[in-house]
Amino acid sequence: MVDSTRPRGGRRTGSPGRRSRTRAVGAAREDATRGASTPDAAAPDVASPEELAERAREIALRLLTHSARSAAQLREGLVTRGVDPDLADVIVARYLEVGLLDDTELASTIVRTRHAERGQARRAIRQELARKGFEDDDIETALGQVDDDDERKRAHALARKRWDQLAQHPVEVRTRRVVAMLGRKGYPSSLAFALVKDLRNADSEAGGA
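According to full-length UniProt numbering, the sequence shown is numbered sequentially starting from 1.
Treat the hints loosely; a few may be bogus.
Only pairs whose alpha carbons sit at most 27 Å apart, straight line, appear in this in silico DSS-like list of lysine-lysine [stated by the list, open to error]:
| # | residue 1 | residue 2 |
| --- | --- | --- |
| 1 | Lys185 | Lys161 |
| 2 | Lys185 | Lys132 |
| 3 | Lys197 | Lys153 |
| 4 | Lys185 | Lys153 |
| 5 | Lys197 | Lys185 |
| 6 | Lys197 | Lys161 |
It should be emphasised that the hints constitute simulated quantities derived from the structure, not laboratory data.
Make the full structure from the sequences, and use the hints.
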């Protein structure tokens, strides 16, 4: 009996069903390629101005919910996330108008917390406020809450605490570390050395008593 599926030369061909399936797959791929090249398939999803504004407002609210920000910080955050700079300006202006942004109050809050909780001097706080984009007027108004006497009292408390923590170290080591600590918090070296001198004198008087 002759095998009807074997062509001349003895090579077996695929079954008719398999050949049909192969042709169908090829046709589907060709259709898909043609479809992908049409202008309608490649057209981008363009948002309307209203949609862009709404997305920008959502971004702004998320940023403000995460942490308090100055007007400059909010604008930078919006632009960094792809919001058009002009639209960012509009949103910031609107938020300032309705009170969602208040640079004067925020700067004052930062001064109070940095000085009371972290013991920072006005110089260090000023640098932070400038980095955050606050205007000079807001910075000066906020720093007016702290005067020279406030700074000296806070620096003395910090120096006293650190000096006592280093009681097991030589005086030179204690002096160096206390002065360095106060310097990192923005206090001038003249004040730091004066406070350390007072602490050393107090220790000498206590030891001689």
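Verification of the supplied hints:
For the given pair, Lys185 sits about 15 Å from Lys161 by alpha-carbon distance, which is consistent with the 27 Å threshold. Taking the CA atoms of Lys185 and Lys132, the gap is about 18 Å. The hint holds against a cut of 27 Å. Taken as a hint, the Lys197 and Lys153 pair is honoured in the structure, with Cα atoms around 15 Å apart against an allowance of 27 Å. Distance restraint check for Lys185 and Lys153: the Cα-Cα separation of roughly 14 Å lies within the 27 Å cut-off, and the hinted pair is therefore satisfied.
Proposed proximity of Lys197 and Lys185 is supported: the alpha carbons are some 19 Å apart, at most 27 Å. Of the supplied pair hints, the one linking Lys197 and Lys161 holds, its CA atoms being roughly 15 Å apart against a limit of 27 Å.
The earlier numbered hints are all upheld by this structure, with none contradicted.
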